[in-house]
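**Student:** If you want the building blocks of each chain, they are given just below.
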Amino acid sequence: MVKEIERAGLPVIHMCTVVPISLTVGANRIVPTIAIPHPLGNPNLDPKDEKALRRNLVEKALKALTTEVEDQTVFEE
Amino acid sequence: MGKIKVVHYINQFFAGIGGEEKAHIKPEVREEIIGPGMAINAGFKGEAEIVATIICGDSYFGENIEEAKAEILEMVKKYDPDLFIAGPAFNAGRYGVACGTITDAVQNELGIPSLTGMYVENPGADMFKKSVYIVSTKNSAAGMRDAVKKMVPLALKIAKGEEIGSPEEEHYIPRGVRKNFFTEKRGSERAVDMLLKKLKGEEFETEFPMPDFDRVDPQPAVKDLSKATIALVTSGGIVPKGNPDHIESSSASKYGKYDIEGFENLTSADHETAHGGYDPVYANEDPDRVLPVDVLREMEKEGKIGKLHRYFYTTVGNGTAVASAKKFAEEIGKELVADGVDAVILTST
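Line order of the protein sequences matches chains U and Y. Those letters in the first sequence? Residues 1 to 77, per UniProt numbering, in order. Those letters in the second sequence? Residues 1 to 349, per UniProt numbering, in order.
The hints are simulated quantities; they were obtained by calculation from the structure and are not laboratory data. Model, not experiment: these values are computed from the prediction. Please note that a few of the clues may not be correct.
Here are the simulated lysine-lysine pairs, BS3-like style, with alpha carbons at most 27 Å apart [unchecked claim]:
hint, chain 1, residue 1, chain 2, residue 2
1, Y, K227, U, K63
2, Y, K307, U, K48
3, U, K3, Y, K327
A few chain Y residues that don't get close to chain U, going by computed Cβ distances all over 12 Å [claimed, not checked]:
hint, residue
4, I65
5, A70
6, S166
7, E207
8, P220
9, S250
10, K304
Glycine residues also receive a C-beta, built at the ideal position from the N, C-alpha and C atoms.
The whole structure should be built from the sequences, with the hints applied where relevant.
**Tutor:** So, in structure tokens, the structure goes:
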């Protein structure tokens, strides 16, 4: 899906936990996430910290969208 | 050679431990024959025997690939088997990646002949078909008998170091290996035969299938986030509560487009997940954990992004055919472009 939306003309950031799958399907911008059943959260944190964690990940994703890439790139930090 | 000693790898589901709620279990080893191992072991007809079964939760493996691999390698080493078999994984994505990863590691790090099996569209197939033998199976466990029938003879051949025939003869996924051999007819004759068949509209088999390198070049970056419209798309199955369009929990045949205007965040009162391939407890408790509407709303208010697009698009990425996903995304992509969206955040579980 990432690939087809990008083909349509939009930059896509793929936020996912199993990065090797994302690389195999051909995502160009990838942000690794927390866990398969809760990629953008962590139920062990209190709600405030959990939201901060999510905000941090989304900020990373947005930053990746403003970054030019030539090849598949995993945005770790 | 005595009886061939086999170690078998399966996930929590095929071990009968549990479904998605048990997908986080760590690797463990049992000196028994379990689940699909029964049919495989019977297929060996006494020539080989499963001495141990290693079980690991699919989510644990997917989230901790390096650790899981190291732990399982240690377990395999202890038994010093003559053969290692993983799966078959059919079209289960995380399971397929686990089977591929561990088969590759056992074969190439421990030097033990290894084999796995899965459906050709499983992401694990593309990742590992070049490094290990992957028997091509059907896309669901209904194909177990067929899978075992194909895996057993190939496994025995690999264990005994016998010559392995072509992918068609041995039913494994082509590895891209070329082999020289002599044929009865020379090239020009074969080419003309093929051309004649093609002209008559008959089926013919190419001798040189083109590799499929379907890559899309990255689109240019967003210049100014504060003016950009960002859309959310997910394969994690987030839908309005009650799943109004009945998106299937696996092998989805459709996607949904839902209005989130006025939603400050998604809650258990209004949204849930339709996905059947992961433990839904956390996403149902707070759907923002899969689709971060709360944070993007906040950033929209702060002026960090121009706008959160009014609609989100969703489907269930669980054994969904690649062709379906491709079709959904072509339509979604077209609409998003037409609606003036600048960039997409796509979340997957």
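**Student:** Decide, hint by hint, whether the structure agrees.
**Tutor:** Verification of the supplied hints:
At most 27 Å may separate the alpha-carbon atoms for a hinted pair to count; K227/Y and K63/U meet this at roughly 14 Å. For a cut-off of 27 Å, the pair hint linking K307/Y to K48/U stands: about 24 Å separates their Cα positions. The suggested pairing of K3/U with K327/Y holds, with an alpha-carbon distance near 11 Å, which does not exceed 27 Å. Annotated as non-interface, I65/Y brings its C-beta within 12 Å of a C-beta of chain U; the closest such distance is 7 Å.
With a cut of 12 Å on Cβ distances, A70/Y stays outside the contact zone with chain U, its closest approach being about 16 Å. Non-interface call for S166/Y relative to chain U: holds, since the shortest CB-CB distance, roughly 25 Å, exceeds 12 Å. For E207/Y, the shortest C-beta to C-beta distance to chain U comes to about 27 Å, beyond the 12 Å cut-off, and the non-interface label holds. Interface exclusion of P220/Y from chain U breaks down, the closest Cβ pair being 7 Å apart, not more than 12 Å.
Distance to chain U confirms S250/Y as a non-interface residue, since its nearest Cβ pair spans about 15 Å, more than 12 Å. With a least beta-carbon separation of about 8 Å from chain U, K304/Y fails to lie farther than 12 Å from that chain, contradicting its non-interface assignment.
The structure is inconsistent with the numbered hints 4, 8, 10, although it conforms to all the rest.
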